[in-house]
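Sequence lines, in order, name chains A and B.
1 is the number of the first residue of the first sequence in the numbering used here; add one for each residue after it.
224 is the number of the first residue of the second sequence in the numbering used here; add one for each residue after it.
Possibly wrong hints are sitting among the right ones.
[Said to hold, decoys possible] Distance condition first, Cα-Cα at most 20 Å in a straight line; then the derived SDA-like pairs of lysine to any residue:
| id | chain 1 | residue 1 | chain 2 | residue 2 |
| --- | --- | --- | --- | --- |
| 1 | A | Lys36 | A | Thr47 |
| 2 | B | Lys356 | A | Val114 |
| 3 | B | Lys329 | A | Pro129 |
| 4 | A | Lys36 | B | Glu275 |
| 5 | A | Lys36 | B | Pro299 |
| 6 | A | Lys36 | B | Asn236 |
| 7 | B | Lys329 | A | Pro139 |
It should be emphasised that the hints constitute simulated quantities derived from the structure, not laboratory data.
Note that this is a predicted model, so its numbers are computed, not measured.
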Amino acid sequence: MIDLGPVWLTLRLATLTTMALLVIGTPLAWWLANTKSRIKPAIEAITALPLVLPPTVLGFYLLVVMSPTSPFGGFWVSITGDALTFSFTGLVIASVIYSLPFMVQPLQTAFETVGRAPVEAAASLRASPLDAFFTLVVPMSARGFLTASVLSFAHTIGEFGVVLMVGGNIPGQTRVISIAIYEHVETLNYADAHTLSAGLIAFSFLVLVCIYTFNRRNPIHVG
Amino acid sequence: MSVKALSLDIQSNTGGFSLQVAQQFPASGVTAIFGPSGSGKTTLLRMIAGFEQPDMGHIQWGEDIWFSASEAAHTPAYQRPCGYMFQDTRLFTHLSVSGNLDYARKRAQGQSDQFSYEAIIQALDLTPLLDRKISTLSGGESQRVALARTLMTRPRLLLLDEPLAALDTQRKADILPYLRRALKQFAIPALYVSHSIDEIAYLADHVLLLTGGKAQAFGPIASILERLDLQAVTGQFEAGVLLEGRVLRHDNRLCLTHVDLDGQTLTMPLLSDIAPHDKLKMRIRARDVAIALTPPKGLSIRNILNGVLLEIVQQETGPHAELLIDLGPSHLRARLTRAAVEDLQLRPGQKIHALIKSVSFDSRSG
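Turn these sequences into a full structure, and let the hints steer you where they fit.
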C-alpha cells in the first residue's frame with residue numbers, strides 16, 4: 001500500500017497557505033487596486049517576482065533568511081524554540097511568498113473591475129469603507145476570490161523547487177507529493193510515482209472543471 | 224430637526240481645470256447647478272458629498288465643518304448626511320430592488336415617520352418592482368429605485384447629479400413628475416446638477432450658473448432665466464422666461480384654460496387638473512415670442528399681451544437680437560432678427576404687443 005502521508009501533508013500545506021494568503025493578499029490587492037501612490041509599480045513588481053524567478057533562487061534566499069544563523073531565523077528560534085528551515089511552518093511561509101502573485105493578481109483585477117463606483121454609492125448610503133468592502137466588494141468579487149483561492153491552492157500543491165530548497169524531504173514535516181514523486185523516481189519505484197502523479201493530474205483536472213463550471217453558471221454582473 | 228444650510232468657499236485645481244466657487248445655498252427648496260458640460264458642476268457636487276476634496280477653502284453644513292483646508296478637516300462621505308443620486312444609478316446588481324432599499328434602510332440614522340419605508344415606496348410607486356432584479360429594470364425604473372434608496376437613508380441634503388441625463392425624452396417625461404413630487408413631499412433641500420433648462424425650469428427654485436469652473440450668477444430661477452446678459456450660458460435655442468399665473472376658468476367646450484398673468488389673459492389647452500384660482504408656472508421661450516407695434520388682426524395666434532420694451536441686446540456677429548419686455552411685474556423675452564428690430568425701429572420704452580406662439584405649462588407652483 002502506498003504511503004498517503006505526503007498527500008495529507010500537501011493538502012494541509014495548500015489549505016493553510018491559501019488561508020494565510022486570503023488574509024494577507026486581500027488588503028494588499030485592495031491597496032494596489034486603489035492607490036495612486038508612486039511606489040505602486042515597485043510593490044506590484046515585488047509581488048510578481050515569484051512568477052519569473054526560478055524557484056531555486058527564491059528557495060535559496062528563503063533558506064538564507066530562515067536559517068537560525070540569520071537575524072530573522074535566529075529571532076524565530078528564540079521565540080518558538082524551533083528552526084524554520086526544514087520545518088512545516090517554514091514551508092508554509094515559503095509557500096505564501098511563492099504563491100503570492102496567484103492570490104494578489106486575480107483579486108486586484110476583480111477589485112479594479114468593481115471599481116470605486118459601488119464604494120462611493122455605499123458611502124452615500126452611510127456605509128463605512130469596511131462595511132462597503134464586506135457587503136459589496138466581496139460579493140461582487142466572488143469570482144475573483146474563487147479564482148485566486150483555487151490558483152493559490154493548486155500552485156502550492158504543484159510547488160517543488162522551493163520546498164526542496166527550504167524544506168528538504170522529511171516525512172510528516174516537509175515531504176509533500178512532488179518531493180515524494182521525485183524520490184520514487186530516483187529510487188526507480190515507478191509504480192508509486194505513477195499513482196501519485198496520475199492522482200495529482202486527476203485532482204487538478206477536477207478542480208479546474210469545477211471552477212469553470214461555477215464561473216459559467218454565475219456570470220459576473222458588472223453594472 | 225434644526226434647519227441647516229450649506230455654505231462653501233472652495234478652490235481646486237486638478238489636471239489643468241480650476242474650480243472656484245463661493246456660495247451660500249438656500250436652506251430649503253431645489254437649487255439647480257446649471258452650466259454647460261465641463262463647467263465643473265459634477266466636481267462641485269462630488270466635493271460637497273465628500274468623494275473629492277478641494278485644494279483650498281471650506282465646506283460647511285450649518286455649524287458642522289465638512290471640509291476645511293486650513294484646519295485640515297475632512298468629514299468622510301459616509302458621515303455626511305447627504306443623499307447622492309448618480310447619473311448611472313449605481314444600484315447594486317447583486318441585490319434585488321428590495322435588497323437595495325434595505326441596504327440603505329439598515330444604515331439610516333435616527334427615526335422619522337416622514338421617511339418611512341411605506342411612504343417612500345408609495346411616493347415612487349415601487350410596490351410592483353420590489354422583487355425584480357436590477358438588471359431587468361428600465362432606465363426610468365432604475366432612477367426611481369435609486370431615488371427611493373437615497374431617501375431611505377433619511378438624508379438632510381439631497382445631491383442629484385444629472386439623474387435624468389441618460390434617459391430619452393419619453394422616460395424623462397415619465398420620471399420628472401415623480402422627482403418633483405418626491406422633492407416636495409420629503410421637503411429636503413436639494414442641489415440638482417443639470418445642463419437642461421427645461422428640467423431646471425420644472426424642478427428648481429434657485430439656480431447657480433456655473434461656467435468654466437466659476438460661478439456666474441445665483442438667484443431665483445425666474446430672474447436668472449430672464450437675464451439677457453446670461454445668454455451665452457443659458458443658451459439661445461432654449462432661452463426663455465418662467466412666469467407665474469393663476470387659473471381663471473376652464474372652457475370645457477373648446478377645451479381651453481384661461482390664465483391670468485398680471486391682469487392680462489393667456490389662453491391655453493385645457494389643464495383640467497389645476498383648479499381655478501390655483502397658481503401655475505409657465506415657461507415661454509424667447510423664440511416663441513413675436514412683436515407687433517399695432518394690435519394685429521386676422522391672426523391665428525390667440526395670445527397677444529401688451530407690454531413695454533425694456534432692453535434690446537443685439538448680437539455682434541449673428542443675425543438675432545434679444546428683447547426684454549415688461550408685462551407688469553413679470554418679464555417676457557423675445558428673440559427677433561436684427562433686421563426686424565431695424566425695420567420696426569424698436570427702442571426701449573416703446574409700447575408693443577407680444578405675440579406668443581406657444582407656452583409650456585410646467586405645473587402647479589408653490
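Taking the earlier hints as the rules, which of them does this structure contradict? Result: no hint breaks.
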